[in-house]
Amino acid sequence: DTGVSQDPRHKITKRGQNVTFRCDPISEHNRLYWYRQTLGQGPEFLTYFQNEAQLEKSRLLSDRFSAERPKGSFSTLEIQRTEQGDSAMYLCASSGAGDLNYGYTFGSGTRLTVV
Amino acid sequence: GNSVTQMEGPVTLSEEAFLTINCTYTATGYPSLFWYVQYPGEGLQLLLKATKADDKGSNKGFEATYRKETTSFHLEKGSVQVSDSAVYFCALLGAAGNKLTFGGGTRVLVKP
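Protein chains in written order, with the numbering used here: chain A, 88 to 202; chain B, 14 to 125.
Rather than coming from a laboratory, the hints here were simulated on the basis of the structure.
Bear in mind the structure is a predicted one, so any value in this text is a computation, not a measurement.
Hints are not guaranteed to be accurate.
[To be verified] Far from chain B by the CB rule (all over 10 Å, computed), these chain A residues: (1) E139; (2) S149; (3) S153; (4) Q167; (5) E170.
[Said to hold, decoys possible] Now the stretches of chain B that chain A is said to cover, found in silico as 3 or more residues with beta-carbon under 8 Å: (6) 57-63; (7) 106-115.
Where a beta carbon is used, it is the ideal one built from N, C-alpha and C, also for glycine.
Start from the sequences and build out the full structure, keeping to the hints where you can.
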């Protein structure tokens, strides 16, 4: 297992376009998390899944954002009608429900630039 | 709600100097505490952790002690190297275990 994979690493899009990011967690991890990190700030929680169920969403996740994890494996995060304020690093992480105290394993992130 | 406050950077040090990054938290119950490190262009890596009061986490020469009485988890290293230049994040996992809450990060720059 190569850890948590995110694709793409970088995305530049024009304002108003839709974008979709993918995250492949560690295969035996049943929890998957999305975070957003803006320049000079700590990661902010967006949402998390346990298997295919989306159990919590932050109020940061506006109606333009949607996340899915259809088969409890990989996840996608879609942003519709992107705005310049969406420019950030989007981080995915995974963990096993039985070892939460070991922390999460993070991917390298997808850096989104909205121009 | 849960929150983490850590000292603002950047912190600039010479090689072999002593490093301290302060971190304090607010949480209900008994959270677990973590330090993550982010090297340029990379994701976050777990550096060390402590799951209960008075536990000391340690890794790669870094240490942090979970102090419940002062709600703190300060990171220390006795002799830093240039390769320690990175951004360090303090984080907590609340008693509900649902999500990590991060501090704002502290950038550390070690000069030769």
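Tested hints:
1. Every CB of chain B is more than 10 Å from the CB of E139 of chain A (nearest about 17 Å), matching its label as outside the interface.
2. Annotated as non-interface, S149 of chain A keeps its C-beta farther than 10 Å from every C-beta of chain B; the closest such distance is 18 Å.
3. The claim that S153 of chain A is not at the interface with chain B holds, since no C-beta of that chain comes within 10 Å of its own (minimum 19 Å).
4. Every C-beta of chain B lies more than 10 Å from that of Q167 of chain A, the closest at about 24 Å, which supports listing it as non-interface.
5. The non-interface label for E170 of chain A is consistent with chain B: the shortest C-beta to C-beta separation is roughly 23 Å, beyond 10 Å.
6. With 4 residues bearing a CB less than 8 Å from a CB of chain A, the segment 57-63 of chain B meets the requirement of three and the coverage assertion stands.
7. Note: the segment 106-115 of chain B has 7 residues with beta-carbon separation from chain A under 8 Å; the three-residue rule is met and the coverage holds.
The structure is consistent with each of the numbered hints, conforming to all of them.
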